[in-house]
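Trainee: Next come the chains, spelled out residue by residue.
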Amino acid sequence: MNFDIPKFPLAHIIDVALNWLTSNFSFITKAVSHVTSAAIDGIVTALLWFPPWVLIIAVAALAWRMAGRRVAIFSAIGLLFLWDLRLWEPTIQTITLVLISTLIAVVIGLPLGIGAALSKRTSRIVMPVLDFMQTMPAFVYLIPAIPFFGLGAVSASVATVIFSMPPAIRLTALGIKQVPADLIEAADAFGSTPRQKLFKVQLPMAVPTIMAGVNQTIMLALSMVVIAAMIGAGGLGGEVWKAIQRLEPGKGFESGIAIVILAMILDRITQRIGRGSKTATAK
Amino acid sequence: MSKIKVEKLTKIFGPRPSTALRMLDEGADNATIRDKTDHAVGIADVSFEVEEGEFLVVMGLSGSGKSTLIRCLNRLNEPTRGSIIVDGEDITKFDREQLLKFRQHKISMVFQHFALFPHRTVLDNAAYGLEIQGVEPAERNERAAESLKLVGLDGWGDNYPGQLSGGMQQRVGLARALATDPDILLMDEAFSALDPLIRRDMQHELISLQERMKKTIVFITHDLDEALQVGDRIVLMKDGRVVQIGSPEDILNNPANAYVERFVENVDMSRVLTARSVMHRARVVAFPNDGPRTVLHKMNEENFASILAVKRDYTLLGAVSLEKASEAVKAGAKSIEGLIEEAPSVSPDEPLMNIINVMAEWRYITPVVDENGKLLGVVTRTALLSALAESTSEEGIDASIATQEGETA
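Those protein sequences? They're chains R and Z, same order as listed. Residue numbering for the first sequence is 0 to 282, as defined by numbering that gives the first Met the number 0. Residue numbering for the second sequence is 0 to 408, as defined by numbering that gives the first Met the number 0.
In short, the hints are calculated from the structure, not lab data. Treat the hints with care, since some could be wrong.
[Unchecked claim] To give an idea of the chain Z side of the interface with chain R (calculated C-beta under 7 Å), a few residues:
| no. | residue |
| --- | --- |
| 1 | MET108 |
| 2 | HIS112 |
| 3 | ILE131 |
We put the CB at the ideal spot given by N, CA and C, even for glycine.
Model the full assembly from the supplied sequences, consistent with the hints where possible.
Mentor: The structure is reproduced here in structure tokens:
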């Protein structure tokens with residue numbers, strides 16, 4: 000088959016654009032990278048300084064407060080098992096990356112979600128970008144991250160933030176839009192300013208939905224952090240990656256199961272946040 | 000000067016109302032305007048006034064524009080044309096700041112489906128308006144608690160709205176609206192979502208609250224019985240236009256057109272008419288020192304089976320029956336004092352339907368007394384029935400009898 004139409008040089012355009020961006024701006028991003036990577040290392044080192052059982056008790060206590068006894072017991076047993084598998088250090092690395100990425104994703108995503116809910120124009124810009132972010136295969140983000148941030152945890156967390164942010168934005172916007180129209184009318188009828196309406200009515204009522212978004216963000220962050228092991232993010236994903244390269248199915252499953260356990264713990268704990276207020280309101 | 004003066008108020012829904020406005024002025028009807036311009040007419044050239052302290056009911060079926068109208072009064076709906084003068088100021092000209100102040104201090108609203116904030120306690124709901132005004136927590140909680148007390152929810156402040164019944168939730172809605180002590184209260188189908196018994200209670204309470212507070216109330220309803228029950232005056236709407244404005248009596252007695260007539264003919268007259276409208280002056284009464292023979296004579300004159308006994312100043316004592324009087328004559332008694340039975344009495348504002356209930360228990364004429372117990376007149380069975388028959392069409396009577404049976408059963 001012969002095509003006479005010239006190929007549209009999409010790849011070339013993107014490469015040129017990225018090259019231009021890296022050569023002009025990578026000094027900023029590299030600086031950011033140094034600071035962030037130092038921060039991440041610091042947190043990991045600090046967490047590893049504690050004996051594992053201290054952290055296990057702390058997590059179990061947190062789980063108890065937020066999600067009840069069953070989740071607390073499950074978390075404690077799960078973490079003990081990870082420790083026993085000699086996977087404590089990669090587990091801590093993974094948790095740190097997940098939590099930092101989630102934090103950044105939420106800090107950026109919440110205002111964007113609010114903006115998208117309140118302004119049609121913002122929504123019209125943000126929503127297609129989100130579609131793009133969500134449908135693009137996750138590891139494509141890893142490639143351009145490297146020239147900007149170098150190999151390692153920072154690139155991984157940048158890619159993770161991009162990949163995991165959409166639910167935080169979408170569900171924040173959804174939660175705010177879902178506030179019943181008559182409650183908005185009531186807020187307006189009493190002379191609320193837009194800011195008062197947002198903070199006293201819309202956001203509080205959107206909390207359960209926003210928390211569901213945060214939960215989704217955490218789960219996506221975890222799945223991305225594992226993939227990001229390919230660019231040297233380490234952690235549990237790194238263990239899986241090593242096992243693949245050395246063809247050690249046993250080790251691979253060990254780390255894989257560890258990731259599943261970690262995912263379940265994070266999910267069960269964060270799923271319940273925001274439910275508290277819901278049960279208080281709905282009868 | 001009237002409290003609210005609405006003049007030629009028009010609301011067209013849609014982005015470019017000018018064509019629709021022109022067609023409206025040329026006399027086009029709503030359907031034509033909708034087909035030609037894709038704009039919906041909410042209300043068209045509505046004018047009326049509300050006096051200070053008046054209870055005005057705006058009534059119409061769904062789609063008649065009554066909700067649009069009430070939302071124009073606090074500009075939840077932005078009027079397309081016309082003016083709304085409140086206390087001499089045209090609120091349609093208010094800028095953002097003025098509008099917020101107006102909503103915060105002068106006017107408040109009660110909603111059909113309560114619209115309480117589920118994440119806030121009952122007290123915090125009641126305090127919402129004050130919180131928006133920037134009142135300090137201690138003061139606003141105190142005032143909100145007072146407001147809750149006013150609507151009979153003392154002690155419920157720490158509950159969440161979801162824990163309350165519908166009637167109680169609407170009390171919270173009312174407390175929230177009253178907490179800011181506004182001059183004007185807008186009530187959008189406030190009782191329509193409540194079941195009939197609770198609704199009647201709330202109507203009574205609202206009337207008694209209104210007697211104490213003298214707010215200017217604009218109350219929306221689709222229920223004519225409710226309108227007649229609570230309103231000083233009624234604005235009747237159809238297709239976004241005012242059909243008739245008048246007191247309940249005006250509307251019942253002189254329906255402006257077939258539309259109003261159709262509304263009115265289904266009214267349960269026994270709820271609308273009061274004792275005052277059917278009572279007669281008591282032509283003959285018995286005094287305590289009358290002899291039984293005199294009393295018997297008075298009864299025969301009027302052909303009554305009983306007579307009311309009063310003191311010289313017309314304070315009601317009770318009733319004397321024909322049988323007792325004739326027995327006393329045979330026994331040769333000197334006065335009727337021992338013969339007086341206690342008789343049920345009603346106030347002049349008692350609706351006929353309540354009098355019907357009284358009469359079911361009491362065989363004789365029913366006395367109407369003022370608040371000091373003085374006899375004003377009497378209601379006889381004949382008078383009551385003929386009043387109902389006169390003021391109601393055939394269908395109406397059937398309907399009212401049906402309701403009677405339904406309620407006593």
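Trainee: If you take the shortest Cβ to Cβ gap from MET108/Z to chain R, is it below 7 Å?
Mentor: Hint holds; MET108/Z Cβ to chain R Cβ min 4 Å, cut 7 Å.
Trainee: When the nearest CB of chain R is found for HIS112/Z, is that gap smaller than 7 Å?
Mentor: Holds, because the Cβ-Cβ distance from HIS112/Z to chain R comes to roughly 6 Å (cut-off 7 Å).
Trainee: So, as I understand it, the hint says ILE131/Z touches chain R; can you test that by seeing if any CB pair is closer than 7 Å?
Mentor: With Cβ-Cβ at 5 Å, under 7 Å, it holds.
The structure fails none of the hints (numbered hints given earlier).
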